Amino acid sequence: MADSLTPNIGALIADPSDVVQYSNHIGNNYTLFDSLMGAVDCLSTARPTVTYKGQIVYERDSKRYAQNIASSAAPSWVYMSHAALSVTSSTRPTSGLSAGGLAYETDTNGLVKYTGSAWNYAAPLAVTSSTRPTTAVSSGMLIYETDTKRLLASNGSSPVSASWEQKAYANFVTTSSAHPASPFQGLEIYETDSSMSAVYSGSAYQYGVQQVAPTQILGTTVASITFTGIPAVTRLILSWRVRQSASGATDLLMQIDGNTGNNYLWAKVEANAGTAGGSHAGAATSSIKIGVVDGNTASYFGSGYQVLDGWANATGFMTTTGPYSNFSTTTADWSGNASGQYSGTGPHNSIKIFPLANSFVAGSQFSLHGMM
Amino acid sequence: MPEDTDQRPVHVVVDCTSGQVTHTPLTDDEWEEHKRAMAEHADRVQSEQQERQRLANLVAGHPDPLVQELAKRLGLG
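The listed protein sequences derive, respectively, from chains W and F.
For the first sequence, position 70 (counting from the first letter as 1) is numbered 70 according to the numbering used here, and the numbering increases by one without interruption.
For the second sequence, position 36 (counting from the first letter as 1) is numbered 36 according to the numbering used here, and the numbering increases by one without interruption.
Derived from the structure by calculation, the hints contain no laboratory data.
Please note that a few of the clues may not be correct.
[Claimed, not checked] Which chain W residues face chain F? A few, computed with CB under 7 Å, are given here:
(1) Ala-213
(2) Ala-223
(3) Thr-226
(4) Gly-229
(5) Ala-357
(6) Asn-358
Note that the structure is predicted; figures quoted are calculated from it, not measured.
Glycine included, every Cβ here is placed at the ideal spot set by N, Cα and C.
If we strip away everything but chain F, and leave its shape as in the complex, we get:
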């Protein structure tokens, strides 16, 4: 499930000396950068999926057995 962009995640810090664990919400700047990276990742994944589908459509039913084998190995068909 995609991360809720209305709820900031936290940084966890574990002190090995004391065993104490602290949770600190992202700062405003970190939160903006975090959301930017999330959006960029989503765009990249979508683009990769679209490109993958385009390649799958391209090789679907291709008469060359080598192309069919390559498509199979790349998980396109």
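Bound-form chain W, shown alone:
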């Protein structure tokens, strides 16, 4: 029987009829056994040439374990370790991979996983709107844009650049002069200077009528109510439902910015118990008449609203107009439209409403809405 070699590591099996030669038959084999103990330490570029199927090596440069899954004659090394490789987005490994392999990209700070056929990002990435990833993107991948503060997800469509969809539902906080770049249809924003929200239609921001102060329902007798800190909106709507503390109709009055001087004009048309008439200030006066308030009959209230224009206009006086009504008894009532002007330019800050005489009773209510 001739000498032979073991199938995996090629250890010498001597012909039993041979005379024992220490070096060839014993020493060399022991040396070979010693070199293959445990996971063989090597470099990723210099794996053992004497190997066998199932052999495990440790690559001291990549710090990973790999296994020969093929044969001693034609080895195929596959990484076994689940520790992430350190790579860049342009140097992801293309060989020696198995599904589940992980890699950390030092340039993107991203974690990518190997699916068995491709690398995909495994966790959301922080990017800017101009540095969105173009590779390793799969359907459902999330990115956070640090400049626009948006959270987007890829829908998996091609090209990748067109696959990103806004997914976060929080409003963007901004100012009226600093809207987010590259808005998309449906984007919602909140302007801290105007206190208004808007939705991007796809071509422009659309503002609705929005409440600028909590509706006030009086719980006690009130001589006046003032709204201050009113944001610089284009137009305001002041609405009320009032009743005063004494019998007999009296004027409902409005002043702007706490100005009590003769800086107001007013004019109104009015029907009293069905008899129409009109009146006006005739000269600058100290307030605008915006309606009538009575307290003659229990549970009888009056209501109305004023639309104030030019609220934030710095070049023209503020104007206002609106309807009102008040029922004093079953036969006594008031209904009309009042208009006025405040001879001061915007932006303005406050509105005060009060009866000419007496007070508003509990249950009277006031609301303030704004429009851009």
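Please arrange chain F on chain W, whose structure you already have, making use of the hints.
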């Protein structure tokens, strides 16, 4: 019910920025002016009621149909 002249009403101020609402009683001067206006209003209402009653008495039973129609439209009869 007439306002209680022994209990001062308050001014309400609503801060649209913070939503905070403050109630501040009228100052002494404001309270005196407020009571003056209340009294003036009451006098005016009483005078108007008295004048209205006088006119109603004047037109009551007037033979002229035009006067009767006018009184009806003005709510005097």
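Going down the list of hints, with the structure as the test:
1. Ala-213: holds (4 Å)
2. Ala-223: Because about 4 Å separates Ala-223 (chain W) from the closest Cβ in chain F, which is inside the 7 Å limit, the hint holds.
3. Thr-226: holds (5 Å)
4. Gly-229: holds (4 Å)
5. Ala-357: holds (4 Å)
6. Asn-358: holds (6 Å)
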